[in-house]
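Participant: Here is how the chains run, residue by residue.
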Amino acid sequence: MMKLRMGTGVIVISTALLFLCLPFCSSSVPNDPFFGIAPQDEKYYKSSDVIRCKDGSGKFTRAQLNDDFCDCPDGTDEPGTSACPGGKFYCHNAGHVPTSLFSSRVNDGICDCCDGTDEYDGKVTCSNTCWEAGKVARDKLKKKIATYQDGVKLRKDEIEKAKSALDKDKAELLKLKKEESTLKEIVQQLKEHKEEIEKEEEKERLRKEKEEKEKKEAEEKANEEKSAATGEEARHTNEAGKHSDAKDYAAGETKYEQSDVGDSYDGATDSPSSEGSLLNEVEESVKGAEGEHAAKSETDLRVEEKKSSEEIINTGNDASENTEGLSKEELGQLVASRWTGQKGGKQSGEAEDAKKTEEQEDLTSESNNEEYEGYASETDDDSNRYDGEDETEDDFREEEMILMSSDVVATDNPSWLTKIQRTVRKLFKAVNFFETPLNQTDAARVRKEYDELSSKLSKLQSRVSSLTQKLKHDFGPESEFYSFYDRCFESKQNKYTYKVCPYDQASQEEGYSTTRLGRWDKFEDSYKVMAFSNGDRCWNGPDRSMKVRMRCGLKNEITDVDEPSRCEYVALLSTPALCKEEKLKELQHKLDSLNSQQPEKHDEL
Amino acid sequence: MKNKTQTLPLFFFLLFFNHVYSWKKEEFRTCHQTPFCKRARSRTSSTSTPLVATDVTISDGNLIAKLVAKSKQEETQQNTNPLLLSLSVYQNGVVRVTIDEDHSLNPPKSRFHVPDVVVSEFQSTKLWLQRVTQETLDGDDSPSSVVYVSDGFDAVLRHDPFEVFVRDKSNGNTRVVSMNSHGLFDFEQLKVKGEGDDWGESFRSHHDKRPYGPQSISFDVTFHGADFVYGIPEHATSLALKPTKGPGVEESEPYRLFNLDVFEYIHDSPFGLYGSVPFMLSHGKQRGSSGFFWLNAAEMQIDVLGSGWDAENGISKLPKNRVDTLWMSEAGVVDAFFFVGPTPKDVLKQYTSVTGMPAMPQLFSTAYHQCRWNYRDEEDVEHVDSKFDEFDIPYDVLWLDIEHTDGKKYFTWDNVLFPNPEEMQRKIAAKGRHMVTIVDPHIKRDNSFPLHKEATEKGYYVKDSSGNDYDGWCWPGSSSYLDMLSPEIRSWWGDKFSYQNYVGSTPSLYIWNDMNEPSVFNGPEVTMPRDALHIGGVEHREVHNAYGYYFHMATSEGLVKRGDGKDRPFVLSRALFAGTQRYGAIWTGDNTAEWDHLRVSVPMVLTLGLAGVSFSGADVGGFFGNPEPELLVRWYQLGAFYPFFRAHAHHDTKRREPWLFGERNTELIRDAIHVRYALLPYYYTLFREANTTGVPVMRPLWMEFPSEEATFSNDEAFMIGNSLLVQGIYTERAKQTSVYLPGKESWYDFRTGNVYKGEATHKLAVTEESIPVFMRAGTIITRKDRFRRSSTQMTNDPYTLVIALNSSQAAEGELYLDDGSSFNFLQGAYIHRRFIFKDGKLTSLDLAPASNGNARYPVNTVIERIILLGHASGSKNALVEPSNQKVDVELAPFWVQRKNSPAVMTIRKPNVRVTDDWTIKIL
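If you read the protein sequences in the order shown, they are chains A and B. Residues in the first sequence are numbered from 1 upward in steps of one, following the UniProt record's numbering. Residues in the second sequence are numbered from 1 upward in steps of one, following the UniProt record's numbering.
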């Protein structure tokens with residue numbers, strides 16, 4: 001009450017006294033020596049006659065306070081004038097929020113405080129607009145609080161949901177991993193049997209051939225053996241690859257099957273330890289080879305780069321010399337494009353094309369990945385993604401079975417896996433490996449069973465991998481962003497559609513052309529911003545990137561997509577995930593303090 | 001997949017390639033590819049046709065002569081006619097020599113004389129010659145004609161061999177500036193095209209018909225008693241011009257003067273850039289300065305010849321300590337001006353007496369400008385504007401580049417991005433700020449565009465060689481170019497800036513002329529074909545270098561008309577020519593965010609100033625590329641001292657407004673901008689000095705210290721006025737630098753007040769806070785130490801006087817102020833004070849002549865603080881007279897806005913009015 005009254009008093013007195021200012025004195029000295037001081041600081045100024053500069057650089061007398069001459073570089077002595085560039089001026093703004101202005105605003109002819117106290121030298125008259133402005137601000141704040149109140153509830157629900165979903169994911173992963181290792185064992189056994197059979201078959205075949213063919217032909221056969229050995233190497237490589245990189249699995253398996261034909265692998269069937277060491281060896285040698293290969297491919301790349309750079313220089317020269325071949329218009333566009341970077345003449349056109357090709361390929365491979373990884377989301381309803389692929393139907397059903405079973409697992413229930421185990425055991429019993437010649441039906445059964453189960457295994461492994469990937473993501477301190485996974489938010493602005501897919505990518509679509517604005521990077525600014533980086537490269541510019549600032553809202557909604565710097569995008573996402581309880585309390589507190597000032601304001605009015 | 005790995009490196013390489021090697025050297029002609037230059041450059045005095053002067057008379061106050069081939073045989077062989085020479089003399093030591101074909105002999109075409117460059121006032125300074133004296137020079141067989149110039153200078157026409165020079169009588173009749181001392185004069189006369197004559201020239205895909213054949217002119221000019229030559233902007237090169245030819249000189253291209261839009265120009269090259277001022281001045285310890293100006297707007301190439309270059313000819317009877325130069329032009333006439341000096345400031349005064357004084361700028365335009373290609377829409381404009389307030393950084397002008405228009409049609413607005421341009425400008429203007437929009441000379445060939453329609457109907461476009469409207473390519477695509485050579489078209493153009501015609505413009509809006517070389521994307525060397533036709537059948541080749549100048553002139557005069565002659569124009573132009581200083585500011589075009597470009601900006605801006613174009617600067621931060629924060633900060637610290645202080649950036653670059661690089665860098669940039677705002681009163685005083693004397697705001701050290709040889713080739717440091725010496729920091733993470741401080745008097749560090757000895761090189765530690773700046777002992781400058789949103793709100797703020805005392809405890813300085821925007825100062829509505837500190841007493845004297853018209857500029861502004869650097873006494877009080885007030889003297893911060901600023905002796909609150917006469921005595 002006191003403070004506010006004093007503030008109003010100041011306006012009246014200073015306005016009245018302005019006219020008394022002598023020609024000698026500068027007209028911008030306020031008449032209240034304590035003008036422009038924040039209430040919490042008044043004690044500091046009133047406690048003694050000699051006041052210290054707050055930065056400790058010196059001191060000044062009461063007479064020097066607000067005398068329109070800067071004695072403290074930090075502005076301590078001139079809270080009410082513009083004399084110190086580093087100073088701050090406090091406006092009470094009764095009825096609204098008090099503000100602290102740069103001293104550069106004092107008596108600059110522009111009304112900054114809604115109470116008009118910053119302009120007192122008589123050059124302009126500022127009306128007091130605090131009441132109106134305050135009302136607008138309070139109403140806005142009330143609305144915001146209402147949003148927050150609903151939002152906080154939504155957020156809580158989301159967090160609950162996210163927690164149980166996460167637990168489920170984790171349980172599933174655990175289960176899947178177990179199943180994976182069991183299935184792996186079975187497949188391994190099948191494989192051994194299959195190889196045994198094939199060995200026998202091969203022996204049988206050789207025997208027959210030996211009988212039937214000449215010595216010369218036998219020599220040829222020796223050669224075949226040699227080539228079979230190479231095939232074996234390949235097989236190992238693939239196996240190693242399978243272990244190290246689940247993603248290559250599918251490709252690896254195809255090759256594996258191919259190399260199976262004519263496989264004469266005959267060692268290590270009986271000794272798992274020796275097999276293990278052999279595998280290690282193989283793995284190591286593969287690693288070495290890979291390293292070598294990598295190194296080589298790097299040099300290759302460099303050679304290519306050099307070559308292509310030479311090509312470019314040539315093209316560059318060509319392009320500039322070939323300007324003769326260009327029409328006037330093309331030449332104009334070409335030269336203009338140097339500044340604008342827009343597609344114009346030949347040269348930039350090529351660059352653009354190169355980019356496009358890259359883009360397309362990138363997108364294609366990505367969508368492949370998506371489909372592949374999308375396996376994880378098979379539980380959702382977009383199974384149709386698999387349409388058109390071989391054996392989709394069967395695979396899908398099997399897969400469904402696997403997933404369903406793993407969803408409903410109860411440890412004592414005989415699972416699908418136990419069934420399989422039983423089937424395989426029966427099969428092994430049925431097949432007589434020492435029967436010569438081999439029973440063709442049995443051999444075929446083993447093969448078929450092997451093929452089916454190893455394909456099952458690969459699917460299981462990919463599911464494990466994608467689930468592991470998912471759980472690696474940062475879903476926020478309270479997992480409040482869990483529901484963003486596998487979701488996209490869209491916003492249409494003019495001709496563009498912006499698509500923000502958290503944990504994946506952000507893109508801009510125009511008709512059929514898609515530009516990637518960034519790949520998922522991370523949360524920033526304590527989970528207030530989602531950053532997407534390394535998007536498509538801009539011509540003559542940086543890689544595109546996007547920052548999505550989030551704020552509390554009741555729906556997940558993208559708005560205000562903007563490109564403040566070329567190829568650096570920003571957007572706003574309203575989401576309940578940002579409706580934090582602490583913030584709500586803060587806002588309520590703010591409103592309370594605003595409201596508590598109102599009656600006083602009314603009194604004064 | 002394989003494809004991908006191949007295209008990827010290729011693609012990245014392409015980007016890299018594009019970025020680094022983008023200067024398309026091969027698209028521009030070398031001297032060797034330019035027949036007239038190749039011919040002239042290979043000519044020696046033995047292969048030139050020697051000329052002699054005959055029939056010397058006085059006519060209309062001029063000395064008239066004929067130049068004929070020495071042997072009649074040559075004359076008939078070459079089928080040449082006598083040339084007419086006219087020599088006239090003007091006040092203050094200016095000699096003009098014109099040489100043209102004899103019109104009475106009916107040459108096929110009259111050669112082009114560049115109009116509207118020499119100011120009309122110049123004619124009134126002509127000294128009417130009454131008589132000519134004949135005198136035989138040492139060793140000559142025939143006499144020479146001598147006329148008196150002024151102050152002990154003669155102009156001499158030596159008849160045989162033909163030579164023109166100015167000599168200094170007080171110095172044993174030694175030559176000052178001479179033409180054809182080496183006998184390289186050559187004048188290709190116009191001929192009638194004969195059967196089988198093929199005069200056409202091709203360059204790349206362009207063909208130049210050259211219907212009038214060879215018509216070039218070349219001659220040698222010698223600056224005597226000179227150590228270095230300077231000037232002839234615009235090139236990105238050193239201040240002291242390096243020799244381009246001669247023994248021990250790595251032969252380079254000559255300095256080329258041909259206005260061109262050069263994409264990503266390199267930082268050290270004699271290559272021609274956006275503007276051309278064929279004015280050179282020399283300086284030497286022995287003799288001082290002299291100058292030479294060739295008023296000719298065709299392509300020019302100038303060789304600076306290394307000493308001993310002519311040894312093979314054995315004609316070097318001339319004394320050493322001279323600089324020889326070779327001037328070559330494709331067309332036009334000889335219209336040459338000799339300036340006698342002898343000080344650098346004298347030469348500037350003489351040169352600007354011919355081409356005009358630099359215009360007095362709008363006060364706001366001397367403050368900080370914020371530009372970017374492009375502030376995209378009204379929201380962006382509002383945002384950037386509010387950010388300056390949020391960070392308490394002053395700025396005065398926000399700029400809109402080409403994207404603000406509707407399809408690159410100038411005078412229009414993109415109605416999606418800028419639906420309410422007037423309201424936008426009003427909001428900016430409410431904070432005392434201004435806006436600038438771009439208006440380029442290419443007009444979109446779009447029949448729905450009224451400007452194009454009208455220009456077409458009126459026949460106002462430049463024509464191609466067949467007489468049709470020339471159709472070139474620029475930002476809008478197919479475009480035509482207004483023929484700015486015509487005063488009628490210029491006037492019509494000027495009217496387009498009226499508030500009615502330029503819809504959406506308000507009084508706070510000013511103009512930017514870009515691309516006025518002119519830039520033509522599909523033209524030869526990215527400009528207009530030389531055989532394009534201007535009004536009166538003038539070929540573009542003859543007028544090329546002045547095209548942008550006429551455009552700038554038309555725009556500037558349009559803005560004067562817009563404001564009913566009451567508001568000074570502000571027009572920034574990229575192209576320039578002699579005389580540009582009368583019409584507005586110049587910037588050095590599309591530079592790059594590299595340290596070398598920061599470095600070369602200093603000689604570039606200094607050179608522009610030496611050519612009269614005082615109001616100039618480089619894009620702070622560098623136009624192309626992204627500056628590291630350190631480079632950006634250093635650029636602000638240096639750029640704050642450019643006479644024209646604007647930050648600008650290409651649209652592919654990252655945003656770089658001052659607050660985007662973290663708190664510390666924001667603070668450093670704010671401080672750099674604050675320094676400029678504090679110095680605005682000093683700058684404005686210097687702009688007025690330029691406006692009355694031609695002496696530039698930013699000066700080479702040797703302009704202030706003409707006898708200090710150590711300064712002659714220094715272009716890392718420069719002077720602002722006669723008081724401040726600024727040394728740029730041009731390297732990354734610099735820890736220390738060397739600064740040479742000229743003169744016998746000492747210098748005060750402008751940040752700390754510490755004293756440094758003169759005539760010495762100082763090794764200084766470099767801090768991130770600022771670049772080294774020193775205040776010269778014996779000078780006084782005025783500052784305004786309060787900061788506002790813009791210069792507009794500073795009008796009534798009080799002054800700080802900084803007095804740097806010399807060894808005899810004395811100092812002097814000036815303050816000029818007026819309303820900052822109108823022409824009332826021409827009627828005397830200004831305040832001009834001289835402050836003198838002597839014998840412990842500071843006196844303020846009125847410098848405005850009493851008879852300066854009736855107008856007054858009334859202000860109540862006071863001086864709130866007087867800082868005394870180097871004062872001996874520890875006095876506590878001072879007495880203000882005549883009010884007889886006692887005021888305190890204390891130790892107070894040198895810069896109140898800086899933390900930990902050292903304390904210096906300060907007279908506290910003298911609060912004397914700047915308009916009054918007073919004295920303040922230290923007690």
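Keep in mind that a hint or two might mislead.
As the list claims (entries may be wrong) - Label pairs and their calculated CB-CB ranges: (1) B:Asn501 <-> A:Arg487: 18 to 26 Å; (2) B:Arg39 <-> A:Gly511: 52 to 60 Å; (3) A:Ser127 <-> B:Asn415: 55 to 63 Å; (4) B:Asn877 <-> A:Val50: 19 to 27 Å; (5) B:Pro858 <-> A:Thr61: 28 to 36 Å; (6) A:Ser127 <-> B:Lys841: 43 to 51 Å; (7) A:Glu329 <-> B:Asn501: 24 to 32 Å; (8) A:Glu329 <-> B:Gly467: 19 to 27 Å.
Stated by the list, open to error - Covered stretches of chain A, as calculated for chain B (at least 3 residues, CB under 8 Å): (9) 108-115; (10) 526-535.
Bear in mind the hints are in silico, worked out from the structure with no lab data behind them. Just so it is clear, CB atoms sit at the ideal spot from N, CA and C, and this is done for glycine as well.
Participant: Each hint: holds or not?
Facilitator: Results for each hint:
1. B:Asn501 <-> A:Arg487: 18 to 26 Å: For Asn501 (chain B) and Arg487 (chain A) the Cβ distance comes to about 54 Å; the hint is violated.
2. B:Arg39 <-> A:Gly511: 52 to 60 Å: Given a distance of about 58 Å, which is inside 52 to 60 Å, the answer is holds.
3. A:Ser127 <-> B:Asn415: 55 to 63 Å: Given range 55 to 63 Å: violated, Cβ gap about 35 Å.
4. B:Asn877 <-> A:Val50: 19 to 27 Å: Between Asn877 (chain B) and Val50 (chain A), where Cβ atoms are some 20 Å apart, the hint holds.
5. B:Pro858 <-> A:Thr61: 28 to 36 Å: holds (35 Å)
6. A:Ser127 <-> B:Lys841: 43 to 51 Å: Roughly 49 Å apart at Cβ, these two residues keep to the hinted range, so it holds.
7. A:Glu329 <-> B:Asn501: 24 to 32 Å: holds (30 Å)
8. A:Glu329 <-> B:Gly467: 19 to 27 Å: holds (21 Å)
9. 108-115: holds (count 3)
10. 526-535: It is violated, with 0 qualifying residues against the three required.
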